[in-house]
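Just so you know, the protein sequences line up as chains A and B, in that order. Residue 5 is where the first sequence starts when you use the working numbering, and the numbers rise one by one after that. Residue 5 is where the second sequence starts when you use the working numbering, and the numbers rise one by one after that.
Simulated from the structure, these hints should not be mistaken for laboratory data. Please note that a few of the clues may not be correct.
Same chains, same names: a pair is fine if it fits in one copy or spans any two.
Result set (DMTMM-like, lysine to aspartate or glutamate): computed pairs, CA atoms no more than 20 Å apart in a straight line [unchecked claim]: (1) LYS67 with ASP55; (2) LYS315 with GLU209; (3) LYS518 with ASP131; (4) LYS124 with GLU38; (5) LYS59 with GLU504; (6) LYS407 with ASP230; (7) LYS56 with ASP66; (8) LYS175 with GLU209.
Protein chains: 2
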Amino acid sequence: MKYSKLFGRTTKTVSSDLKLASNKYLYQAGFIRESVAGRYYYLPLGMIVRDKVVKIIEEEMDKSGAQKMLAPVLHPLELWEKTNRTESVSFELMKVKDRNGSEFALGGTAEEMMVDLAQKFNISYNDLPFHIYQFSTKFRDELRARGGLLRLREFLMKDGYSFHADEEDFKKEYEKMKKVYSDIFKRLGLVTLMVESDNGYIGGEYCHEFIVESEVGESRFLYTEDGSYAAHEDVAKFLKEEKNIEEKEQKLIEVKAPRGNTMEDGVKFHKLPLWRQIKDVMFIDEKCRFILAIIRGDLNVNETKLKNITKAVELRHATDEEIRGLGSEPGFISPVGIDKKVIVAADDSLRTIKNAYGGSNKKDVDLLNINIDRDYKPSLEGDIAMAEQGFKNEQGKELLAGKGIEVGNIFQLGYHYSEKMKAFFTDKNGKEKLYYMGCYGIGIDRTIATIVEKYNDDNGIVWPEVAAPFKAHLIALGKDEKIYKQAEKIYEDLLKQGIEVLYDDRVDVMAGEKFADADLIGLPWRVVVSEKSLKAGGVEVKRRDSKKSEIVGIKNLGEYLNLK
Amino acid sequence: MKYSKLFGRTTKTVSSDLKLASNKYLYQAGFIRESVAGRYYYLPLGMIVRDKVVKIIEEEMDKSGAQKMLAPVLHPLELWEKTNRTESVSFELMKVKDRNGSEFALGGTAEEMMVDLAQKFNISYNDLPFHIYQFSTKFRDELRARGGLLRLREFLMKDGYSFHADEEDFKKEYEKMKKVYSDIFKRLGLVTLMVESDNGYIGGEYCHEFIVESEVGESRFLYTEDGSYAAHEDVAKFLKEEKNIEEKEQKLIEVKAPRGNTMEDGVKFHKLPLWRQIKDVMFIDEKCRFILAIIRGDLNVNETKLKNITKAVELRHATDEEIRGLGSEPGFISPVGIDKKVIVAADDSLRTIKNAYGGSNKKDVDLLNINIDRDYKPSLEGDIAMAEQGFKNEQGKELLAGKGIEVGNIFQLGYHYSEKMKAFFTDKNGKEKLYYMGCYGIGIDRTIATIVEKYNDDNGIVWPEVAAPFKAHLIALGKDEKIYKQAEKIYEDLLKQGIEVLYDDRVDVMAGEKFADADLIGLPWRVVVSEKSLKAGGVEVKRRDSKKSEIVGIKNLGEYLNLK
Numbered sequence: 005m006k007y008s009k010l011f012g013r014t015t016k017t018v019s020s021d022l023k024l025a026s027n028k029y030l031y032q033a034g035f036i037r038e039s040v041a042g043r044y045y046y047l048p049l050g051m052i053v054r055d056k057v058v059k060i061i062e063e064e065m066d067k068s069g070a071q072k073m074l075a076p077v078l079h080p081l082e083l084w085e086k087t088n089r090t091e092s093v094s095f096e097l098m099k100v101k102d103r104n105g106s107e108f109a110l111g112g113t114a115e116e117m118m119v120d121l122a123q124k125f126n127i128s129y130n131d132l133p134f135h136i137y138q139f140s141t142k143f144r145d146e147l148r149a150r151g152g153l154l155r156l157r158e159f160l161m162k163d164g165y166s167f168h169a170d171e172e173d174f175k176k177e178y179e180k181m182k183k184v185y186s187d188i189f190k191r192l193g194l195v196t197l198m199v200e201s202d203n204g205y206i207g208g209e210y211c212h213e214f215i216v217e218s219e220v221g222e223s224r225f226l227y228t229e230d231g232s233y234a235a236h237e238d239v240a241k242f243l244k245e246e247k248n249i250e251e252k253e254q255k256l257i258e259v260k261a262p263r264g265n266t267m268e269d270g271v272k273f274h275k276l277p278l279w280r281q282i283k284d285v286m287f288i289d290e291k292c293r294f295i296l297a298i299i300r301g302d303l304n305v306n307e308t309k310l311k312n313i314t315k316a317v318e319l320r321h322a323t324d325e326e327i328r329g330l331g332s333e334p335g336f337i338s339p340v341g342i343d344k345k346v347i348v349a350a351d352d353s354l355r356t357i358k359n360a361y362g363g364s365n366k367k368d369v370d371l372l373n374i375n376i377d378r379d380y381k382p383s384l385e386g387d388i389a390m391a392e393q394g395f396k397n398e399q400g401k402e403l404l405a406g407k408g409i410e411v412g413n414i415f416q417l418g419y420h421y422s423e424k425m426k427a428f429f430t431d432k433n434g435k436e437k438l439y440y441m442g443c444y445g446i447g448i449d450r451t452i453a454t455i456v457e458k459y460n461d462d463n464g465i466v467w468p469e470v471a472a473p474f475k476a477h478l479i480a481l482g483k484d485e486k487i488y489k490q491a492e493k494i495y496e497d498l499l500k501q502g503i504e505v506l507y508d509d510r511v512d513v514m515a516g517e518k519f520a521d522a523d524l525i526g527l528p529w530r531v532v533v534s535e536k537s538l539k540a541g542g543v544e545v546k547r548r549d550s551k552k553s554e555i556v557g558i559k560n561l562g563e564y565l566n567l568k
Numbered sequence: 005m006k007y008s009k010l011f012g013r014t015t016k017t018v019s020s021d022l023k024l025a026s027n028k029y030l031y032q033a034g035f036i037r038e039s040v041a042g043r044y045y046y047l048p049l050g051m052i053v054r055d056k057v058v059k060i061i062e063e064e065m066d067k068s069g070a071q072k073m074l075a076p077v078l079h080p081l082e083l084w085e086k087t088n089r090t091e092s093v094s095f096e097l098m099k100v101k102d103r104n105g106s107e108f109a110l111g112g113t114a115e116e117m118m119v120d121l122a123q124k125f126n127i128s129y130n131d132l133p134f135h136i137y138q139f140s141t142k143f144r145d146e147l148r149a150r151g152g153l154l155r156l157r158e159f160l161m162k163d164g165y166s167f168h169a170d171e172e173d174f175k176k177e178y179e180k181m182k183k184v185y186s187d188i189f190k191r192l193g194l195v196t197l198m199v200e201s202d203n204g205y206i207g208g209e210y211c212h213e214f215i216v217e218s219e220v221g222e223s224r225f226l227y228t229e230d231g232s233y234a235a236h237e238d239v240a241k242f243l244k245e246e247k248n249i250e251e252k253e254q255k256l257i258e259v260k261a262p263r264g265n266t267m268e269d270g271v272k273f274h275k276l277p278l279w280r281q282i283k284d285v286m287f288i289d290e291k292c293r294f295i296l297a298i299i300r301g302d303l304n305v306n307e308t309k310l311k312n313i314t315k316a317v318e319l320r321h322a323t324d325e326e327i328r329g330l331g332s333e334p335g336f337i338s339p340v341g342i343d344k345k346v347i348v349a350a351d352d353s354l355r356t357i358k359n360a361y362g363g364s365n366k367k368d369v370d371l372l373n374i375n376i377d378r379d380y381k382p383s384l385e386g387d388i389a390m391a392e393q394g395f396k397n398e399q400g401k402e403l404l405a406g407k408g409i410e411v412g413n414i415f416q417l418g419y420h421y422s423e424k425m426k427a428f429f430t431d432k433n434g435k436e437k438l439y440y441m442g443c444y445g446i447g448i449d450r451t452i453a454t455i456v457e458k459y460n461d462d463n464g465i466v467w468p469e470v471a472a473p474f475k476a477h478l479i480a481l482g483k484d485e486k487i488y489k490q491a492e493k494i495y496e497d498l499l500k501q502g503i504e505v506l507y508d509d510r511v512d513v514m515a516g517e518k519f520a521d522a523d524l525i526g527l528p529w530r531v532v533v534s535e536k537s538l539k540a541g542g543v544e545v546k547r548r549d550s551k552k553s554e555i556v557g558i559k560n561l562g563e564y565l566n567l568k
C-alpha cells in the first residue's frame with residue numbers, strides 16, 4: 005500500500021480527552037474514527053489489524069474442533085422472553101420493531117439463538133458434543149462507553165456455544181477452551197490471567213475471565229502469590245475473622261450523638277473501633293425497591309454481590325430526600341426500626357461482631373449494643389463484601405489486588421438455557437434429555453485496544469508482527485526522483501516476495517515527519533531509502549522497538565525481512 | 005471435515021413451501037436454516053461458501069484499488085435526516101433508540117456514514133479519488149421476504165463508495181467498476197448482464213444493475229438483440245407511436261354505457277380500439293394522497309415510474325369505497341371532472357391520440373371525444389408506461405424481455421449526498437468544492453442463492469469449485485473397518501496436500517444414502533473408497549456434473565485432484 009493512496013492519515017493534533025494510549029494512538033495513527041460515543045469506524049489500517057486478529061482466533065477455534073457459523077443480528081424477542089433475559093439484561097438491551105410489529109433484540113450474546121438453531125435438528129447423543137461459534141456484531145447499550153475500542157456499544161465478538169450430553173463432557177470442553185483461549189491471546193502477544201468471575205446476565209454457575217494486567221483496565225481481581233487463587237472482586241471470597249463474638253449481648257440503648265455523617269465521625273464520637281460500627285448504604289433498584297445494604301464498618305459493599313443476592317439488575321444510591329421519605333435520616337440509617345418496605349441485605353460479617361453501634365434513623369441519635377437477630381432481622385444475608393488487598397482467602401493465604409482488561413470469558417451454562425427453552429436431545433435409550441451447555445466469548449475490538457495498550461511507547465504503537473497491518477514501513481527520503489524510483493522498485497520486489505509493505509511515497513514531506521509517522525503507525529520494520537543509505541550500500545533497516553539500525557543490501561532485503 | 009462431526013445435516017423431508025431450488029437445496033443439504041422470515045442462520049457448510057464468496061469479492065475490490073474499512077451498523081438518525089432518507093426510505097428503514105434517547109437507523113446502505121467519515125479528515129484534491137468499501141450486515145424491512153437467501157430483511161452487503169473531484173474522474177471509476185463487477189461474477193461462475201436501472205432511494209441520476217438471467221428472478225428488463233440497449237423495466241424507454249393524432253378534435257359527449265368494469269368491456273360496448281380508450285388507475289400513497297394514473301388503453305402503468313414522477317414512496321390501489329368517496333365510480337373513473345384533490349399523473353402516450361373515450365366518474369355513463377388540455381389538464385405528465393417485449397426502443401430497435409436476479413448494482417450519486425451534507429474537499433486553489441460520488445453494491449447472500457439457482461440438477465447442488473465448501477466428498481462404503489482405515493488415511497493425505505475434503509465417515513449409513521447426500525451437497529468431486537474400488541486398484545472418482553467415473557490410484561489421488 006502506498007501511503008499517498010491510503011485512506012486515513014496520521015494527525016498530530018489530538019484532543020486531550022483521548023487519555024488512553026490505545027485510543028490516542030489508534031486515532032492519531034489513522035486506524036479508527038469515532039462515529040458517536042461507543043461506535044467506531046475502522047479505517048483501512050485498522051481493518052487489516054482486525055482481519056488479522058479475527059483470522060488467528062478463527063484458526064485456533066477451528067483447530068479446537070469448533071465450527072464457524074452465523075446467526076442473525078436481530079433475535080426474535082420471544083426467545084429472550086423465554087429465558088427471562090428481557091428482564092435481566094434490562095437497560096443494556098436494545099430492541100427494535102419491524103413493520104409487522106414483530107419485536108427483535110439487537111443481539112448482545114446469542115445463547116437463545118443457538119439453542120433455537122439446535123432445536124431445528126433432531127439431535128441425538130451421537131451428534132454430541134458440538135461447539136459452534138461466530139464472529140458477529142453485538143450491541144450493548146452501555147451506560148458509559150469508554151474512549152476508543154475498550155468499551156463499545158457496538159462491537160465484534162467471537163461467541164461460541166458448546167452442547168453436551170452431560171456435565172462431565174462439558175468439563176472437558178471447558179478445560180480445552182481454557183487452553184485454546186490462552187493460546188489465542190499468546191499468539192496475539194498477550195499474557196492472560198484466568199480469574200473466576202461473575203456471570204452477569206449470562207446465567208450458569210461459574211465462569212472465568214481472561215485478563216491482561218493493565219493499569220487502564222476496569223477488571224479488579226484478587227489473587228494469591230502462589231497462583232492457587234485468582235478471582236474478580238465481584239466474586240472473590242475472603243475470611244471474615246471473628247471480632248468480639250465472645251462478648252455477652254448488652255442492652256440496646258439510645259444515646260444523643262450530635263456528630264457528622266461519616267463512619268469516621270461515628271468512630272470519633274463514640275471512641276469505639278470502626279469494625280464495631282454498622283455501615284448502612286441505601287440503594288434503589290430498577291424496580292424502585294429500597295435496598296439497605298448493611299455490613300461491618302471496616303468493610304465495603306460490592307455492588308455486584310449485592311445485586312446477585314437481591315436479584316436487582318441496576319442499583320443507584322438513594323438521595324437524602326428519599327432516605328428521609330422513609331422516616332430515616334442520612335448518616336443515621338439503621339436496620340433497627342427501618343421502614344418495613346425496605347429490603348435489608350446483610351453481609352455475613354455482621355455475624356462476627358457483638359454489641360455494635362450505629363444510627364437510629366433519627367438525626368443526632370445513635371444506638372449502642374445493636375445485635376443481629378435480637379434487634380433486627382435482615383431480609384437477606386450473605387456475602388456482599390468487597391475483597392481487598394491484604395485480606396486472606398478461605399485457605400488463609402494473603403490476597404493481592406490486580407487490575408486488568410477483560411479480553412475474553414468462558415461460562416458454564418449448565419442447564420440454564422436448555423431448561424428454559426425446553427431444548428432436548430435423544431439419549432441412548434431414546435429418551436429426551438436437556439443439553440448441558442457452555443459459552444465462550446472474545447471481544448475483538450477490546451483485544452486490539454489491549455494489544456496497543458501493551459505495545460506502545462512515547463512515539464506511538466509498537467505492533468507485534470502478528471497483528472501489524474504491514475510488516476515493513478518503507479520510506480523514501482529527499483526530493484531526488486532517483487530515490488523514489490529505487491524505492492518503488494524495492495516496494496514491488498518486497499510485494500513479490502510476499503512481504504506486506506506500507507510505502508511512504510510522499511515527495512513533499514520532510515524526513516522528520518516521515519519518521520514520526522512511521523513511529524506512530526508502529527510497523528515492526530522501518531526501511532529507509534536515501535542518498536546516504538544507497539551510498540552505504542543499501543537501505544537502512546531498523547526495528548520499531550530498537551534504536552539500532554543497519555544497512556542491508558537491496559538484493560538481500562526480502563530474505564532479511566522474511567527470516568526475521 | 006468429517007461428516008459425523010459436522011453441525012447441520014442433510015434432510016430428505018422438505019416443506020412444499022420451499023419452491024426455489026436455492027432455498028430447497030441449501031436447506032436440505034444443511035447450508036442454512038431460517039430464523040424468521042427473511043432472517044437466516046448460516047450453518048458451517050454455508051459459512052464456508054459465504055467466506056469464499058466474500059474473499060473473491062475482496063480480492064477483486066482490493067486489486068481495483070478500493071480499500072476495505074468498516075462503519076458501524078447503527079447510523080445516527082440525524083445523518084439520514086440531513087439527506088431526507090428518513091422520508092424516502094420510509095417503511096424499509098428500521099430505527100432504534102438507545103437509553104439516552106439517541107436515535108439510530110439500522111443501516112440499509114451507508115452513503116451518509118461514509119460522507120460523515122470523509123468529513124472527519126481535511127481532504128484535499130491530492131487525496132482524491134478514493135474508494136472505500138465494507139462488508140457489513142444490512143437491514144431492510146422488506147414488505148415481502150422471499151424464501152431462502154434471495155430477498156432477505158437482514159443480509160451481508162459489500163458496499164463501496166467512491167469520492168471524486170469531478171464527474172470526469174468519477175466516470176473513469178464507474179467504467180472500472182463495471183469491469184470489476186463483471187469479473188467478480190465471472191469468477192463466481194455467473195454471467196451477468198448490465199442493465200440501466202432505477203436508483204430507488206439511493207439518489208443520483210443513473211445506475212446499473214448486474215443481472216443473472218433466471219426464471220426465478222424478480223428483475224424484469226428489456227434489451228435489444230444487438231446488445232446496444234438493456235434497461236430494467238422500471239426505466240426502459242420505448243417509442244410511443246402516434247395513433248390518430250391527425251384527427252380533428254370532436255365535441256365531448258356523454259353517452260349511456262351500461263357495461264362491465266374492464267377495459268375489454270369498454271372496447272366491446274363502444275366498438276372502438278383499445279388504444280383509443282383512457283386507462284385510469286387510482287392509487288393512494290404513503291401520505292394518503294390520491295394519485296390517478298392515466299395512460300393510453302393499450303399500455304400499462306409501471307408503478308416505479310409513477311412513483312418517480314409523483315415522488316411517492318409507497319403506492320397501493322384505492323378501494324372501490326375510496327373511489328366512490330371521491331365522487332367517482334370504479335370502472336368509470338375519468339380525469340374529466342375528477343375531484344380537485346386528486347393528483348392526475350398522465351403518461352405522455354395520451355399525446356399520441358385524439359378523441360379518446362372512457363368513463364365519466366358516473367356509473368354506466370361514458371365520455372366520447374376526450375381530448376387532453378381541452379377536457380382535462382394533468383397535474384403531472386411524463387413516462388409512466390411499462391415497456392414490453394415487441395415494443396421499439398428510441399433507436400427503433402425491437403425490445404426483447406428478460407428476467408433475472410439482481411446480484412449487484414452501481415450508482416452515480418453525483419453531488420446528491422455531498423450537497424445535502426455540505427461535504428467539501430479543498431481544490432488546487434484552496435477553494436472548497438463538493439465531492440462527486442458513486443456507490444457500488446453486491447448482495448452476498450443473494451449471490452450465493454444465484455449460484456445455486458444456476459448450478460443444480462434434480463439431485464441437488466452442483467457447486468462451481470470456486471464457491472464449493474470443499475473440493476472433494478470422500479465416501480467410505482460398507483461395514484468393513486479396513487475400508488474406513490484406508491479412507492481415513494486418504495483423508496489425512498489429501499488434507500496434507502491442501503485439498504479441502506468432506507469425509508463421510510458414517511459406518512451405519514447405506515451406500516445409497518451416502519451417494520444421495522453427496523449429490524445434494526454437491527461438491528465438485530466424489531471419491532469413493534470401497535472393496536470394489538480397492539480391488540480395481542484405487543478409489544472411484546467422479547465429477548458431480550458427470551456420469552462417468554474412473555479409478556484413480558490412491559497415491560496419485562492428490563495430484564489428480566490438484567491438477568483438475
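message = Hint compliance check: list the failing hint numbers for this structure, sorted ascending.
response = none
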